[in-house]
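The task is simple: from the sequences and hints, build the whole structure.
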Amino acid sequence: MTDLSNQTPLAPPRSQWLNVWDQLKKHKGALMGGGFLIFITLAVLFGPYIWTLDPQKIDYRARDFRPIYHVLFDADAKTAWGNPLGTDQLGRDGLANLLAGGRTSMAVGWAAMLLTLFIGTMVGVIAGFFKRLDGPLMRLTDLFLSLPILPLLLVAVTLFRQPLHSNFGPEGGMFILIVAIIGITSWMPTARIVRGDVLALKEREFVLAARSIGTRPGAMIWRHLLPNVISPIMVSATLGLAAAIITESALSFLGVGFPSDFPTWGKMLADAVQRMEEFPERVMLPGIAISLTVLSVNYLGDGLRDALDPRIRGR
Amino acid sequence: ERGSDGHVNIIYWQAPSILNPYLSSGTKDIESASLVVEPLGRYDQDGALVAYLAEEIPTVENGGVSEDLKSITWKLKSGLKWSDGSDVTSADVKFTADYCMNPEGGCAQLAKFEGVDSVEIIDDLTVTVTFGEPKPNPYGPFMGGQSPIIQMAQFENCTGAKAPECTEANFGPIGTGPFVVTDFRPNDVISMVANDNYRDAAKPAFASLTFKGGGSAMASGRAVLETGEFDYAWNLQLAPDVLAKMAAGGKGTPVSAFGTLVERIEMNLTNTSPDLPEGERGTVMHPHPFLTDLNVRKALSMAIDRDLLVEIGYGQAGRPTCNLVPAPLAYASDNTDCLVQDIEGAKALLDEAGYVVGSDGVRAKDGVRLSMLYQTSTNAVRQDFQALIKQWWEEIGVETELRNINASVFFGGDPGSPDTFQRFYADVEMYANNFDGTDPESYLAQHTCDKAPKPETQWQGENMNRYCDPLYDELVAELGRTGSLAKRGEIAKKLNDMLTKESYVVVPLVDRGRVSAHANSLGGVVLNTWDSELWNVADWYRIK
Amino acid sequence: MLTFTIRRLILSVPTLLFISLVIFLLLELAPGDPMAQVPLTVPPEVKEKMREALGLGQPMHIRFWKWLVQFFWIEPQVMIDHFFGTTYAVGDLRVISWQTRSPVMDTVVQRIPQTLWVVGTAYVVGILIALPIGIYSAYRQYSVFDQCGTFVTMIGFSIPPFFTGPLLIVVFSVQLGWFPFIYDTTHSVDDWDSFLYQLRQMILPVMVLALQTTAQISRYMRASMLDNLNQDYVRTARAKGLSESVVVMVHVLRNSMIPVVTVIALGMPAIFGGAIITEQVFSVNGIGSQLITALFANDLPTVQTLTFIFAMLIVFFNLIADILYGLLDPRIRYD
Amino acid sequence: MLDQPIAQIKGLRVEFQTKDGPVVGVKDVSFDINPGETVCVVGESGSGKSVSSLSLMRLVEFGGGEIAAGELMFDRREGGQIDLSNAGQDMMKEIRGDEIGMIFQEPMTALNPVFTVGRQLTEGLRVHKNMNKKQAEERALELLHQVRIPEPDRRMTQYPHELSGGMRQRVVIAMAMACEPRLLIADEPTTALDVTIQAEILALMDRLKRETGTAVMFITHDMAVVAQMADRVVVMFRGNKVEEGPVEQIFENPQHDYTKALLAAVPKLGEMTGKAYPEPMKLMGVEGQKIEPIKGTEEVILSVENLTTRFDVKGGFLRRNVAQVHAVEDVSFKLNKGQTLSLVGESGCGKSTTGRAILRLVEPQSGKVLFDDCNVLDLNQNELHKVRQDMQMIFQDPFASLNPQMVLSEQVAEPMRNYGLASGSELQDRVANLFDRVQLPRDFMRRYPHEMSGGQRQRIAIARALALNPKLIIADEAVSALDVSVQAQVLNLMMELQADLGLSFLFISHDMAVVERVSHQVGVMYLGRIVELGPRARVFENPQHAYTQSLMKAVPIADPRQRKSERDLNFKPIPSPIHGLDYKPEPSQYLEVEPGHFVLTTDSGY
Ligand SMILES: Nc1ncnc2c1ncn2[C@@H]1O[C@H](COP(=O)(O)OP(=O)(O)OP(=O)(O)O)[C@@H](O)[C@H]1O
Ligand SMILES: Nc1ncnc2c1ncn2[C@@H]1O[C@H](COP(=O)(O)OP(=O)(O)OP(=O)(O)O)[C@@H](O)[C@H]1O
Ligand SMILES: [Mg+2]
Ligand SMILES: [Mg+2]
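Protein chains in written order, with our numbering: chain A, 1 to 315; chain B, 1 to 544; chain C, 1 to 335; chain D, 1 to 606.
Only true hints are included.
To give an idea of the chain D side of the interface with chain A (calculated C-beta under 7 Å), a few residues: (1) 359; (2) 361; (3) 385; (4) 393; (5) 400; (6) 401; (7) 402; (8) 403; (9) 418.
Hint data in this document are derived by calculation from the structure and do not stem from the laboratory. Where is the CB? At the ideal position from N, CA and C, for every residue including glycine.
So, in structure tokens, the structure goes:
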């Protein structure tokens with residue numbers, strides 16, 4: 001009789017974030033992804049203070065050096081300990097460029113991704129939630145989908161470069177411009193996906209329940225809808241980061257990106273494609289950096305999604 | 001023997017959009033059209049004139065050019081036939097001139113006909129072109145790839161505003177050249193077969209030809225040098241080491257030749273500070289704070305190592321130069337004093353001029369810092385140049401900010417855009433330019449005072465650096481009046497020196513040649529930078 | 001649903017008109033000049049004359065109106081003429097490209113085949129690879145296959161085609177010499193051998209493009225399968241004694257396909273839009289390269305027309321996606 | 001060999017591999033099922049009933065479970081016993097659906113949303129019985145007739161979401177019975193159904209058992225159903241079997257404490273006869289319970305007049321509007337302050353819709369809802385927001401009505417945030433008080449809905465509804481999904497609150513015994529109309545309308561000695577509430593048979 005009354009034994013109450021962390025800890029991929037991401041972020045942030053070589057410093061006597069490991073398969077290769085990852089055709093240091101390029105690429109990737117997510121989620125949620133705005137907002141997405149990015153960028157450069165340049169400097173201005181353009185030209189898929197999910201969520205009973213307790217639309221979106229569309233947003237985020245880094249490189253490639261003395265991974269990759277056969281490391285290194293970053297964000301996103309989902313967390 | 005060598009494949013990484021050179025002046029269009037339509041005479045690989053449809057090149061000596069230099073009389077070869085079998089007559093020649101000079105036609109080669117008063121038919125095979133003023137160089141009309149003869153019968157109804165509507169004619173002009181178009185896909189590919197009515201019965205050796213356009217210089221180089229899919233690739237603008245690596249593929253050979261194309265840095269003599277109001281910014285109203293100082297300009301030039309630029313950017317397709325007009329020999333100045341880099345000298349010069357190095361490593365004088373914006377179009381080699389030059393300039397204490405602009409904006413004349421090379425909202429800019437044919441007169445005339453781009457002219461004009469020297473203008477006028485070749489050369493050299501070694505407003509860097517490549521099995525290729533590269537395609541053959 | 005479709009179709013007319021206006025204004029605002037590619041040797045006066053000949057002197061609204069008339073009134077007539085041999089449009093001015101001075105639509109029609117061959121095939125191939133990968137990785141979540149699949153697809157997604165393209169060229173065309181890499185657009189398929197050649201010349205660009213498609217679609221497929229695999233109805237299906245393959249491939253797949261099909265439908269316009277970088281790398285010269293050359297040459301009529309066709313396809317396929325969504329998922333209703 | 005059991009479960013132990021290490025779902029369970037016998041498995045929520053049955057189908061593996069020990073002997077149709085616990089999946093494929101059929105617990109999700117009912121019904125038949133499409137469809141139609149779905153032909157081509165919960169459940173039952181399995185596992189098959197349908201289904205299963213010798217393993221928490229159906233009863237508690245025996249023995253002489261508690265908590269129809277007002281239930285193990293009648297007041301708080309709500313029906317390939325569901329048709333009633341009015345009726349008769357329409361969670365077509373003398377239907381969004389502070393709803397499905405991503409304390413705090421009633425630590429205090437009030441431990445505050453048992457979730461829903469101190473609570477099947485012991489607790493809680501705070505309840509339910517216990521007034525709904533309305537005692541003791549009478553007759557009695565035979569039940573096919581667009585329903589007219597006791601005189605469709 002005694003043990004009838006008490007319920008299932010209780011786990012000690014814990015903070016929500018501790019729970020998320022606990023869960024994340026068990027996701028090997030997420031841990032590795034997160035670890036690598038932290039590593040690479042620290043590297044690009046503080047690397048330049050440790051590896052103090054100026055990435056733009058041209059030393060044409062030391063040009064076309066191979067990475068140091070190259071000695072392993074070719075004893076006579078031109079290498080130097082001063083340039084562990086080799087140098088490019090102008091003798092600029094590979095490692096220093098990789099670090100400096102990473103800074104820009106990561107910054108552009110993250111900023112553009114966040115902007116994309118912000119606009120996409122907002123439009124998607126609003127379109128899904130307010131029936132009256134659905135039509136106009138979806139037509140707006142159509143419009144943005146059909147805007148060609150190149151002329152858009154050229155227009156933006158023409159209109160805004162000067163003011164941004166004088167306020168934020170050449171790099172800062174261009175950074176804002178590029179992030180903004182990538183952001184406003186890539187939020188549409190997120191918006192559509194989020195809208196679809198919100199449309200379905202809206203039919204769920206807990207939304208009805210929330211209405212019955214007097215939840216206003218704003219709070220409804222914030223408390224009930226957004227947390228439940230986190231999973232597609234995570235997918236968009238991981239794909240978005242990669243897409244932003246790639247788009248930035250394509251823009252540099254087309255000559256509308258950052259100033260030429262401002263390396264980014266994408267630009268390094270694009271520049272090195274010509275010499276791919278002779279100096280594979282020049283494409284491989286930035287390529288691997290991009291891929292690993294994207295992969296680690298992807299794994300981290302997977303893990304976070306699992307961890308944030310209380311249903312899975314319970315298991 | 002005609003048609004005995006089968007098929008030949010040509011690749012241009014820019015694709016031709018139209019086969020009528022009068023409606024487009026793109027190199028790709030002119031050169032592809034040169035397979036089909038021909039001028040009366042062409043320039044050969046040395047820049048000398050050779051007769052094509054004309055019996056001979058008219059000169060003052062042979063009486064073809066009048067003594068007063070006001071008219072030139074061309075005589076067609078007899079027995080010439082269009083590819084449809086009809087005869088080529090002087091009416092076609094006159095029609096060609098009328099076609100281009102029609103004010104509504106928007107003819108791209110109008111400059112060739114500049115100064116032409118009238119074109120008269122003398123007889124079936126003879127025409128006379130009369131100029132309003134004496135023309136020391138009367139070889140504008142009907143000379144070179146830009147100005148071929150088109151068939152009157154075909155284009156009769158296509159003059160003026162109707163020119164663009166004749167798609168069929170523009171895509172498949174009837175010509176006298178060695179090939180005839182069978183299929184034209186704009187911006188893609190042209191299929192051609194040998195012209196049955198070509199004047200030399202033994203030519204061309206190839207029965208058919210494919211002219212593929214599009215892709216990249218990289219891909220077209222590969223297709224000729226590495227995989228052998230194509231026989232001829234045009235203008236391989238590739239880094240020298242990349243090209244060398246490709247050439248090691250062994251399927252083909254790169255060939256190079258030099259013309260008048262010079263990569264240069266232009267110095268802006270006006271102030272383009274964004275703080276100035278629009279309308280005054282970048283005009284002669286506000287002189288540049290420090291580039292107006294000859295010493296600064298000179299120091300900037302001295303700091304540059306042109307040999308290294310060539311080695312890195314162009315290899316066999318470039319050579320260092322200090323001249324705006326590097327060729328032909330008669331016009332090229334012997335100015336070579338810029339060829340040796342002299343960083344220390346540059347520093348000394350600046351010291352002397354009173355620019356002292358500040359705490360940030362940048363020189364300044366009276367509060368004016370030597371800080372510059374250096375712009376150019378987007379292009380891998382130019383960006384390498386920018387990086388190198390920036391480094392040198394920083395070594396001598398000049399701060400440099402780089403900017404690269406999409407070529408279609410930079411070279412476009414959109415008056416609304418702040419980024420065009422005419423508007424020149426920067427301190428220095430780099431690009432390449434050349435002149436048509438072998439006479440630099442109009443080229444040098446681009447630096448007269450009135451050619452400066454300004455708001456009133458919608459920023460159109462060719463005198464980018466707003467250079468203005470009455471002496472120079474006077475000399476240009478004199479050049480226009482001078483007929484003697486020797487005298488002309490002298491004046492031209494003087495003008496060249498005024499712009500370069502005397503004032504350093506134009507800082508030439510590299511004399512850029514052209515590298516193309518042909519398959520090892522393709523014979524008869526003679527690279528020509530004065531005219532269409534395909535000028536002698538009739539002589540090409542297959543090495544067996 | 002019918003009313004929904006009709007309403008959407010009607011609504012798409014003003015939408016499209018508005019889009020076309022926005023595109024037009026955008027292109028007008030964009031810096032650039034059709035004379036940018038004219039050699040510097042051509043003097044400014046001549047350029048000015050050429051600009052006038054292109055009609056650039058006219059005010060903006062007149063040019064827009066002209067374009068509207070040409071595109072919506074004359075071009076359809078040309079199409080009718082073409083199919084029925086009538087002569088409605090004879091003598092009317094069509095949308096003329098500034099570059100080629102020929103009707104834009106003719107070039108488009110000429111280029112659609114190679115774009116469809118290459119980009120279309122790549123899309124189909126990409127989907128065909130992506131679906132099984134997505135399904136199996138979800139079915140065996142966190143298995144070795146899933147991990148590898150994730151790895152490879154994410155790598156594929158994060159590496160730009162301007163890298164994979166040349167890489168494949170170096171390996172397969174230069175080193176091994178197996179496939180040509182300059183696409184022959186004049187090649188016509190009329191027998192087995194020419195078909196084989198067509199296959200060979202398509203393989204490389206198709207591979208590059210399919211990699212991207214595969215990466216994306218397989219991610220969506222996997223996520224969607226995962227959402228459905230744990231649903232109760234799957235257990236019900238199993239309890240009926242259906243085999244695993246039927247359970248997964250019929251019950252789960254059908255539900256998972258709902259979002260994926262719409263993603264696929266939304267990707268369709270891109271097929272017609274071509275693939276700019278890949279087309280350039282392999283000289284395929286499809287619609288994508290037409291657009292990019294036109295952009296660089298500031299050939300506004302072509303850019304405007306192509307972008308607008310693209311916009312029409314986007315609007316159309318978005319409608320299709322919405323309708324498909326409604327048809328595939330009986331729970332969704334439109335009213 | 002009739003004495004050989006058809007299935008023997010011996011020492012079953014099922015473990016789940018979770019991220020926190022293995023969890024034991026079933027510890028040690030053994031029992032047999034003989035041919036033609038109905039074994040009822042009862043027990044509290046989470047005691048391992050479903051897991052045991054899933055193990056028998058070998059479906060636990062797909063949910064991450066593993067049969068750690070034990071044997072599952074099964075007697076094949078062709079003879080020969082096999083141990084299912086180590087049979088291959090190929091073998092299982094043949095057995096599942098064909099020899100063992102299973103009815104699942106949640107009808108809402110058990111059907112594939114994108115296939116038609118017909119397709120899902122015929123699938124199994126075509127696999128196991130080698131029927132062609134036509135034969136299978138004929139058989140499916142026959143099955144739908146058997147489970148008494150209205151308009152079976154139409155249903156074949158409909159999608160699951162187009163059916164009401166009860167109909168879906170019947171489709172699932174039909175599916176399980178399609179191949180006439182030798183063993184039918186029914187996991188709470190009738191929980192979502194109203195008494196009449198429930199009675200029909202039970203009768204159907206009974207007939208099947210008799211005619212084909214099918215053995216039935218029946219999982220339920222409704223002791224009345226157990227009493228009606230079972231031959232033998234197995235009682236489970238926390239993964240173990242605690243008691244097993246013939247049904248009479250279990251009911252009359254329970255041995256284990258848990259069984260005793262369970263039986264004590266069962267509300268029995270007729271318990272309230274003679275009492276004018278509802279009163280709380282006597283619970284075992286609760287000391288000092290005060291049991292007092294709850295009188296309430298005579299002051300009208302909610303008055304519904306001629307409420308009508310219709311839904312559009314889309315049809316055809318293009319999904320055009322083809323008809324309307326007349327979900328609520330001309331409904332009027334009055335509810336007094338501090339009292340409870342119950343709406344009863346079969347599934348799909350419009351009870352939930354009525355409740356929602358009052359709160360304007362669905363927009364009614366016409367009518368009046370006077371709450372505190374203001375017409376709710378005329379309010380704009382802002383005024384509505386204000387009114388909702390006084391009217392709250394507890395939803396039918398507590399799980400669905402809680403946000404899966406939000407911790408419980410937040411969900412309870414949300415209404416107070418919405419109205420800015422409290423914030424900061426005051427808010428936390430009030431939430432904690434509410435938890436105390438619904439007798440949930442405070443350390444549940446950080447949990448998520450899925451971490452709770454059904455009963456606990458329902459209490460959260462109640463706490464949330466109470467947060468605003470409303471005057472009226474609409475409780476839509478608030479206790480149907482709970483097992484009896486929890487149900488009793490929740491009912492007592494609600495009555496206690498009513499007594500303390502003077503709450504009014506609109507209580508929606510199909511469980512007549514529960515309704516009898518809690519209501520002051522009862523309204524019987526049929527096909528969108530109220531067919532009978534009056535004080536609880538009058539309606540229960542003197543039902544006037546034919547439908548009410550049959551409803552009363554169908555109520556299962558929690559006494560194994562009073563089984564109803566199939567003949568007592570007189571079933572009428574249920575008409576459809578769907579009518580063409582041009583259909584004009586006539587207004588309802590009532591006859592007052594006794595003071596306050598009204599009966600519909602116009603046609604109700606019954
Ligand atoms: N997939 C699973 N993973 C982990 N644990 C599970 C899983 N399924 C069931 N359990 C656990 O197994 C135990 C038995 O669950 P089961 O579903 O059999 O309960 P039940 O008796 O059917 O209860 P109810 O009456 O609520 O349906 C519970 O403690 C539950 O938490
Ligand atoms: N959103 C809707 N769209 C269309 N029809 C609906 C909708 N909601 C309910 N219905 C229909 O309205 C009728 C009444 O449904 P309601 O949910 O009110 O029934 P109920 O009495 O609560 O039944 P149950 O006891 O099964 O919950 C049913 O026929 C149902 O199919
Ligand atoms: Mg259960
Ligand atoms: Mg209901």
